[in-house]
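Asker: Sequence:
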Amino acid sequence: MLLLVGFLCTNSSGVIGLAVALGIVNWLIFFGLLWYVIRGGCPQTWTGLSLEAFSDLWDFLRLLVSCSGMAVGSGCCYYLICIFLGIVFDWTYNYGVEMNSMSP
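To convert, take the position in the sequence shown, counting from 1, and add 41; that gives this note's numbering.
The hints are simulated quantities; they were obtained by calculation from the structure and are not laboratory data.
Ideal placement from N, C-alpha and C gives every residue a C-beta, glycine not left out.
There may be inaccurate statements among the hints.
For each label pair, taking beta carbons as the anchor points, the in silico distance ranges come out as [unchecked claim]:
#	residue 1	residue 2	range
1	Val56	Phe125	32 to 40 Å
2	Leu102	Thr51	43 to 51 Å
3	Arg80	Ala60	26 to 34 Å
4	Trp76	Gly114	34 to 42 Å
Start from the sequences, fold in the hints, and give me the full structure.
Answerer: Structure representation (structure tokens):
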């Protein structure tokens, strides 16, 4: 985090510099945690990969599919409400432009 703040205070690159610095910091955190786990920093918790890790995979996949369905459904409802309100109250004249601006 100090690297991120130091980079942003000394460099005036704006939003692009922020994105680059945040990406670098996130990769440093990832490799630091990976090094800690592989090096043996958690001997009581990490004993290596085994088949036991995949024992409840079916339950996880069922939960994953249901959560994905809920996320897609809520996104579709959001778009439908925006279109409906735009048509009923005639807030806009070009619905395609508005729908494109709502895309993530």
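Asker: Can you tell me whether the CB distance of Val56 to Phe125 sits inside 32 to 40 Å?
Answerer: 34 Å, holds
Asker: For the hint 26 to 34 Å, verify it against the beta carbon of Arg80 and that of Ala60.
Answerer: 30 Å, holds
Asker: Can the suggested window of 34 to 42 Å be confirmed for the beta-carbon pair Trp76 and Gly114?
Answerer: Between Trp76 and Gly114, where Cβ atoms are some 41 Å apart, the hint holds.
Asker: For the hint 43 to 51 Å, verify it against the beta carbon of Leu102 and that of Thr51.
Answerer: Given range 43 to 51 Å: holds, Cβ gap about 47 Å.
In this structure, none of the earlier numbered hints is contradicted; all agree with it.
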